[in-house]
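Single-letter residue listing:
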Amino acid sequence: METTQAVKTEADIRPRSLLLDAVREKVRPCIQCGTCTASCPNTFAMDLTPRYMWRLVLMGQEEAVFESKTFILCSACYSCTLRCPRGLPLTEAIGDLKQIAARQDIPKHRGSTRFYKSFMESVRRHGRVDEMEFMSIYFMRMKNPMLPLRFSGLGMRLMKKGKISAGIPGFGKGGGPLEPIFKKVEEMEAGK
Amino acid sequence: MKYLYYPGCSLEGTAEEYDISVRAVLESLGAELVELKDWSCCGASAAEAVSSLLSLSLPAVNLAIAETMDGSKDLLVPCSACYLNLKKVEEKTRADPDLRNLLNRILEEKSLRLKGMIRVRHLLDVMARDIGPEPIRQGLKRSLHGFSVAPYYGCQCLRPYAVFDDPEVPRSMAPLIEATGAAVYPWPMGGKCCGASNMNTKTEVAVQLVAEILKAGRNADVIVTVCPMCQMNLEGYQKLVSKAGGRDLSKPVLYLPQLIGLALGLPENMLGLHMNLSPTGEFLLRLKSTPARAVA
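From first to last, the protein sequence lines are chains A and B. Under this note's numbering, the first residue of the first sequence carries the number 1, and numbering increases by one thereafter. Under this note's numbering, the first residue of the second sequence carries the number 1, and numbering increases by one thereafter.
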């Protein structure tokens, strides 16, 4: 299958510590009160509390931040953002951390980052997401033959309801309606 | 009442019944929808995890298209993730002209221009504040008297932008549910998270969140949602969730307009009721065997 090859942007090759600096700027006024931890619905599954993770970000401990699964477990419920007494854009800053993990293709976070990348790949091809195609790309990127099995039950039920179409999805050959937007964004991110 | 309409990708696929029922119910309540011409994906929850600039550009494309259309400056969005993405760009570009200029450099590629004229409205915002409970009460064909309905709001229509409801203790659905004759099920889970895309990537974590929600809703007759992702998470994995929760947690889950449409007496196929994944059969049977009452 032909894949849309993204151009390498500045962010792909920049050292991770510099990338983390931008995130650190966003959370610099953090007073370590822990309201984010108390508000997060996913803390029970995290290895670091959100408050502790932000402390590590502030201290520039990038290895520990990206070794932890805390940021990748964020489900973007915006409870911490809503309640943060310093008014910090915490959910957005977590999005930035996810971007760094995606750009650097950090192995332990691939299950999530490749999910998001596969979604955007389908959008780039068609302008809208084709759910069947998106999942097929994801399975291919993950190269795990067992992975599709996890989704097959739901997939069958959706198919029975006529919500997704059966068969092998037709991969559009580039040039979707959003292609100029994707290209321009890449150019600007590469600093052109 | 006229609105521009952005269905979003889910409503063309796994949430088709949401699209069908939104159109049918709004028409029956006297609101006109004009679908956005050549709309494209808003970036969902994926763009933000890939590129910030892309996550702002994709909604901007759709807002700019909306500005070229006649009839209304209000863009109605039923999906909470689409709503937040579009709302974010509306809010950010209003506060930051430099950002708008930057996005316009990107939009130029599609000969589009963002001026900042569009107001992004969630379906629930329009139903609660523009339409309100009165037209539902007046159009009531089948009272839901005797039923207990649990309103599930989810996250992104409430937070971070508190536009039409209390983001901590949401209640905008209550008058609409009461207008159908049903009782609002009291529970603290309305604004809690369903796990969103963690259901796909960190299934065991999201299943716990859904188990808590379905446990709290076990005495309700039906749960209603206003977001395709919430709907999918609450109804699509009930077997798995029951296993994790240690008991049968299956429960009918409907989109809010499906419930309102039933009360308005709209035929089931106009509400896509055959497409839900949760067990709705018993609920619908009970509803049909209840004598129709025009007055709640």
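Incorrect hints may have been included.
[To be verified] Chain B stretches covered by chain A per the calculated footprint, using a threshold of three residues with CB under 8 Å from any CB of chain A:
#, region
1, 55-67
2, 124-130
3, 205-217
[To be verified] SDA-like cross-link-like pairs, simulated, lysine to any residue; straight-line CA separation at most 25 Å:
#, chain 1, residue 1, chain 2, residue 2
4, A, Lys26, A, Arg16
5, B, Lys92, A, Glu67
6, B, Lys92, A, Cys30
7, B, Lys202, A, Leu147
8, B, Lys192, A, Leu19
[To be verified] Some residues of chain B that are not near chain A, with every Cβ distance over 12 Å (derived):
#, residue
9, Gly8
10, Asp38
11, Lys115
12, Pro133
13, Lys141
14, Met270
15, Glu282
Bear in mind the hints are in silico, worked out from the structure with no lab data behind them. Each residue gets a CB set at the ideal place from its N, CA and C atoms; glycine is no exception.
Tested hints:
With 4 residues having a beta carbon nearer than 8 Å to a beta carbon of chain A, the region 55-67 of chain B meets the requirement of three or more and the stated coverage holds. By the rule of at least three residues with a Cβ nearer than 8 Å to a Cβ of chain A, the coverage given for the region 124-130 of chain B is violated, with 0 such residues. With 4 residues having a Cβ less than 8 Å from any Cβ of chain A, the region 205-217 of chain B passes the three-residue criterion, so the hint holds. Of the supplied pair hints, the one linking Lys26 of chain A and Arg16 of chain A holds, its CA atoms being roughly 16 Å apart against a limit of 25 Å.
Using a Cα cut-off of 25 Å, the hinted pair Lys92 of chain B and Glu67 of chain A is violated, with the two alpha carbons roughly 32 Å apart. Pair hint Lys92 of chain B plus Cys30 of chain A holds up; C-alpha atoms about 22 Å apart against a cutoff of 25 Å. About 12 Å separates the Cα atoms of Lys202 of chain B and Leu147 of chain A, which keeps this hinted pair within 25 Å; it holds. A C-alpha spacing of about 32 Å is found between Lys192 of chain B and Leu19 of chain A, which places the hinted pair above 25 Å, so the restraint is violated.
With a closest Cβ-Cβ approach of about 9 Å to chain A, Gly8 of chain B is found to fall inside the 12 Å limit, against its non-interface label. Listed as outside the interface, Asp38 of chain B is inconsistent with that label: its C-beta sits roughly 7 Å from the nearest C-beta of chain A, within the 12 Å cut-off. Annotated as non-interface, Lys115 of chain B keeps its C-beta farther than 12 Å from every C-beta of chain A; the closest such distance is 18 Å. No beta-carbon of chain A comes within 12 Å of the beta-carbon of Pro133 of chain B; the shortest separation is about 27 Å.
At the 12 Å boundary, the C-beta of Lys141 of chain B stays outside the reach of chain A, the nearest C-beta of that chain being 26 Å off. The Cβ of Met270 of chain B lies farther than 12 Å from every Cβ of chain A, with a closest approach of about 16 Å, so its non-interface assignment holds. For Glu282 of chain B, the shortest C-beta to C-beta distance to chain A comes to about 18 Å, beyond the 12 Å cut-off, and the non-interface label holds.
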